[in-house]
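Participant: As you go down the protein sequences, you meet chains H and V in turn.
Per my numbering, the first sequence starts with residue 1, numbered consecutively.
Per my numbering, the second sequence starts with residue 1001, numbered consecutively.
For the record, the hints were derived by calculation from the structure and aren't laboratory data.
Ideal Cβ placement from N, Cα and C applies to all residues, glycine included.
Hints are not guaranteed to be accurate.
[To be verified] Derived DSBU-like pairs (lysine-lysine); straight-line CA-CA distance at most 35 Å:
id, chain 1, residue 1, chain 2, residue 2
1, H, K96, H, K175
2, V, K1096, H, K20
3, H, K5, V, K1096
4, H, K5, V, K1020
5, H, K20, V, K1020
6, H, K96, V, K1005
7, H, K96, V, K1020
8, V, K1020, V, K1053
9, V, K1175, H, K53
10, V, K1175, V, K1096
11, V, K1160, V, K1053
12, H, K175, V, K1096
[Stated by the list, open to error] Stretch-level coverage of chain V by chain H, calculated; a stretch enters the list once three of its residues show a Cβ under 8 Å from a Cβ in chain H:
id, stretch
13, 1002-1011
14, 1025-1039
15, 1047-1057
16, 1065-1079
17, 1159-1170
18, 1200-1211
2 protein chains.
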Amino acid sequence: MYIPKHFGAPSDEAIEVLIKTFPLANLLTACADEPSGWTVNPVPVGLFEPLAKGSRLWAHVARANPLWEGLADQPQAILMFNGPSAYITPNAYPSKQATHRVVPTYNYTAVQLTGRLTVHHDAAVKQDIVERLTNYHEREQPVPWSINEAPADYLQAMLKAIVGLEFTVETTQAKWKVSQNRPTADQQGVIADLERRQDLAATAQMAALVRQTTS
Amino acid sequence: MYIPKHFGAPSDEAIEVLIKTFPLANLLTACADEPSGWTVNPVPVGLFEPLAKGSRLWAHVARANPLWEGLADQPQAILMFNGPSAYITPNAYPSKQATHRVVPTYNYTAVQLTGRLTVHHDAAVKQDIVERLTNYHEREQPVPWSINEAPADYLQAMLKAIVGLEFTVETTQAKWKVSQNRPTADQQGVIADLERRQDLAATAQMAALVRQTTS
């Protein structure tokens, strides 16, 4: 990922917050069946320790997902986490009126991790991954759902249907393209323009998509 | 991308709407400097014709972005478009109370295009790409900004600082993971749960990120 100096992440903490707030990463793995030699799968990923070289992230995918088959031992992989993004119109810049020396852009944040993947088939390891991910995602539920609520036979069948994924970090690249290269007045204009928009949250957009397929 | 039959896209139109609504794609290209051999860059992409094998999408990146350097002629590339996503708690399913045979999941939509990349250095081609992307993104502005508002010398300098990208589609894979595998009552529960949440829209989240870097 190309990252000009002025578009670096503000802090290590900001990078961890992005990963934890937008945990559905695009996982890139080698795939002999694809013309490019690579394939991409959206996968919810858990980070349960400080992010550094050697730290590990956890996930699981359907056993029927062929991504884990035919991989080399501990193959190279990429996790791409994408934060919020928004088109920025030149109309949002007060400087437009003064100089007209402005062009549109797109603001976004993203974290690209490179590292190595380990595939887990052991039921206890898989259950541990599922529990940690569940506890993380249920943390704000009034009554968090627990894996123990599921009947044991059902849980074992579910665990058989997945494989666990462990991603060990080698490099971290983070890009914060959030108008740092604009004068303060333009930054204020961008904030005001973004806050004026009436876009739906992802949850409301997803509700509409679920409704579309049920009608 | 692994796509079980029940998680296919509802229509070709839905796929095009996703690309046009979430145009910031992750562009995967070969990169000798990366340990994996590939790199990822978020890039706003324009689709201005029906999506099919052979149709083209358009983008531009900073000339200083090394992604276009050292590539083979018309190299393989991947564009990954991600629609809205949301964690789905088992608490949202009425069937939980009846059987407890439920587990959490993540809903999302995604479109993975594979194809070939052409890099453009010609100023006229680059200006045409910028104009088409600008006109698309400005379509809902009360007074759409036009590239002609920028002074000619400034525009030429801006065009020199970018390279144009043309992506020719070879394959399209689309995944709609939106609770189609749940009974109707559970789908209704998911919709109600998602609509109850008070998440911010991406525009409001981006406004907060811009504010963080200005304070």
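Participant: Next, verify each hint and record whether it holds.
Facilitator: Here's how the hints hold up against the structure:
| no. | hint | in the structure |
| --- | --- | --- |
| 1 | H/K96 with H/K175 | 26 Å, holds |
| 2 | V/K1096 with H/K20 | 27 Å, holds |
| 3 | H/K5 with V/K1096 | 50 Å, violated |
| 4 | H/K5 with V/K1020 | 30 Å, holds |
| 5 | H/K20 with V/K1020 | 27 Å, holds |
| 6 | H/K96 with V/K1005 | 50 Å, violated |
| 7 | H/K96 with V/K1020 | 27 Å, holds |
| 8 | V/K1020 with V/K1053 | 17 Å, holds |
| 9 | V/K1175 with H/K53 | 32 Å, holds |
| 10 | V/K1175 with V/K1096 | 26 Å, holds |
| 11 | V/K1160 with V/K1053 | 31 Å, holds |
| 12 | H/K175 with V/K1096 | 41 Å, violated |
| 13 | 1002-1011 | holds (count 3) |
| 14 | 1025-1039 | holds (count 8) |
| 15 | 1047-1057 | violated (count 0) |
| 16 | 1065-1079 | holds (count 6) |
| 17 | 1159-1170 | violated (count 1) |
| 18 | 1200-1211 | holds (count 11) |
When held up to the earlier numbered hints, the structure conflicts with 3, 6, 12, 15 and 17 and fits the remainder.
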